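Visitor: Make one complex out of these two single chains by using the hints.
Here's the letter readout for the chains.
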Amino acid sequence: MVLLTIVYGCSKDHTAPTFSKFDNVLKQPSGFVAVYNKTTKNFDMSWDMSDTNSVITYNIAWSDSNVFDLGHLQNKYTQSLNPVFKISSSEVLKTMGYTNLQDSLFIVYFTVSAVYSNNEFREFIGPRAVIDSAMYSK
Amino acid sequence: MFAQNEESFVRETTISKRDAVLLSALFPGLGQMTAGHKAKGVLMFLVETTSLAMFVNAHENYTTKLDTYNRDKKILDGMALSGGSNYTEASKLFKSIKSQSNKLDNLNETRNIALIVAAGVYAYNLFDAVFLTSTSTESKKAEIRKNFLVESTLVENTPGIKISTRF
Numbered sequence: 001m002v003l004l005t006i007v008y009g010c011s012k013d014h015t016a017p018t019f020s021k022f023d024n025v026l027k028q029p030s031g032f033v034a035v036y037n038k039t040t041k042n043f044d045m046s047w048d049m050s051d052t053n054s055v056i057t058y059n060i061a062w063s064d065s066n067v068f069d070l071g072h073l074q075n076k077y078t079q080s081l082n083p084v085f086k087i088s089s090s091e092v093l094k095t096m097g098y099t100n101l102q103d104s105l106f107i108v109y110f111t112v113s114a115v116y117s118n119n120e121f122r123e124f125i126g127p128r129a130v131i132d133s134a135m136y137s138k
Numbered sequence: 001m002f003a004q005n006e007e008s009f010v011r012e013t014t015i016s017k018r019d020a021v022l023l024s025a026l027f028p029g030l031g032q033m034t035a036g037h038k039a040k041g042v043l044m045f046l047v048e049t050t051s052l053a054m055f056v057n058a059h060e061n062y063t064t065k066l067d068t069y070n071r072d073k074k075i076l077d078g079m080a081l082s083g084g085s086n087y088t089e090a091s092k093l094f095k096s097i098k099s100q101s102n103k104l105d106n107l108n109e110t111r112n113i114a115l116i117v118a119a120g121v122y123a124y125n126l127f128d129a130v131f132l133t134s135t136s137t138e139s140k141k142a143e144i145r146k147n148f149l150v151e152s153t154l155v156e157n158t159p160g161i162k163i164s165t166r167f
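Residue numbers (the numbering used here), protein chains in the order written: chain S, 1 to 138; chain Z, 1 to 167.
Keep in mind the hints are simulated off the structure, nothing from the lab.
All figures in this text were calculated on a predicted structure; none of them were measured in a lab.
Some hints could be false.
Here are the simulated DSS-like cross-link-like pairs (lysine-lysine), alpha carbons at most 25 angstroms apart as the crow flies [stated by the list, open to error]:
1. Lys12/S / Lys74/Z
2. Lys98/Z / Lys27/S
3. Lys65/Z / Lys12/S
4. Lys76/S / Lys92/Z
5. Lys95/Z / Lys27/S
6. Lys73/Z / Lys21/S
7. Lys27/S / Lys74/Z
8. Lys17/Z / Lys38/Z
9. Lys73/Z / Lys98/Z
10. Lys40/Z / Lys17/Z
11. Lys12/S / Lys95/Z
12. Lys38/S / Lys86/S
13. Lys27/S / Lys76/S
14. Lys92/Z / Lys74/Z
15. Lys12/S / Lys98/Z
16. Lys95/Z / Lys74/Z
17. Lys27/S / Lys92/Z
On the chain Z side, residues computed to face chain S include the following (Cβ under 7 angstroms) [claimed, not checked]:
18. Lys73
19. Leu81
20. Gly83
21. Gly84
22. Asn86
23. Ala90
24. Phe94
25. Ile97
26. Lys98
27. Ser101
28. Leu104
29. Asn108
30. Asn112
31. Leu115
32. Ala119
Some chain Z residues flagged as far from chain S (calculated, every beta-carbon gap over 10 angstroms) [what the hints assert, rightly or not]:
33. Arg18
34. Val130
35. Leu132
36. Ile161
37. Ser164
Ideal Cβ positions, reconstructed from N, Cα and C, are used throughout, including at glycine.
One chain only, chain Z, in its complex shape (with noise of 0.2 angstroms):
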């Protein structure tokens, strides 16, 4: 009777590797925290969400900055026949215009970078889950007994379980 219940309480404190699988997929990290690989679940969630808030930034400042960017181009290349334009504005526009070209292609090198970290990520980490992180019951059940202490005791002459575990 002792042995079923250990056993109950082992199985259900495991994860499959399905389950693994599923979670990384949601997203990165998770399935190798749940499975018990906390120091990797938490590398490759904190990469992760890092990569992809990287991303976003840089598109949002590159969307921004182009919407300016081609309004002074449209300028810049209207002055000749607008009229009564210079030269003299005409080439400190250009060097504005060039300089926010540079800016752009910075910005989109960043955001680049950033979603192929995060897609390297995300790949690695179902790689990892799949082929890598161990979730099988019987390592489980070792981790599980090695952490928690399970022994038949008397409580007022009534036969039961006492588990007991260190923090």
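With the rest of the complex left out, here is chain S (with noise of 0.2 angstroms):
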């Protein structure tokens, strides 16, 4: 009984932790596409969101490194529902601190991810997409 109590006293003290608030609740957007549009001079984006139920609006992000999130990373709200974006090539590169690229060729690393918005959520940028890459040309 001593033993027991004793053990029992010491039992841990620390619930498990759960991720299921954030895991199968939240959707990722898919196709995502990202290319160099070298008319307009823009990167043009687009996917598809199949269940948009609390999603407000969508945030891209992008980076200048494959490994993503080591590199310069920056984003932006859309501003709209739409699966579609359009961004200039030369805020992208400047956001990423490249205001006087020497070289002609520049791969970017785009990704869009949905923002949610609920009793639960609180624009809460959901899980990214597949991360795709457009390549920037002088």
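Guide: Set out below in structure tokens:
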């Protein structure tokens, strides 16, 4: 009894962590495509979102590294529910710190996430779509 | 006169069973060591000391890491409604918390095992002191007689006793 009492007194006092609040609740956009339009000097993006329940907008993120989070990561809200977005190449490069790019070719990596807002989430940026790359050329 | 002196000498160097039990209750191994069972006493003392040290160390680590765990868990739980948070950061934080949780489980297991071993050694030590360790006057007398040689002698024509031992 003494041993059991001691062991009970020292039993773990932390609960197991759970990710159920986020996992399998939030959806990621599919079919994400990013291309560079040399004529307009814009990056054009499009994607699909089958379930737009609680989605208020989308968040586009870009980076100069194929290890996405290790690069100069930047993002912007589309302020729209349309699954398309255009952004000027100068803005993309400038936000990453490339004001006077010497290379004639440059690869930028893009992704998109749905932004959720409801009783459980407040402007929460959901899971990312598959990352796509677009080649910028002068 | 010689016999009386030897008897008093023997009586002073032995320990009663009651004292051995009390010493063992104070800390495992002490009673056994005092009663002459040095190897057994030292072994119990070392195992008890090591177990208690492991328990204290694991308990302190657990307490410290639990604070960090609770802080991170609170952040994760509040991310959904904090505004501007994102799934990627929440996912990274969750992996970190999961790893912390596993470490806490291991530390909890270590401290419980150390505590059970310490309690087990303590219980066995008491049982040993009460039922197994011999502390009778006769056995001690025999042991002391074996180790000490007591004989009568004359020193400058004065009668006395000579006590010699081997080391």
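Visitor: Provide an ascending list of the numbers of those earlier hints which the structure does not satisfy.
Guide: none
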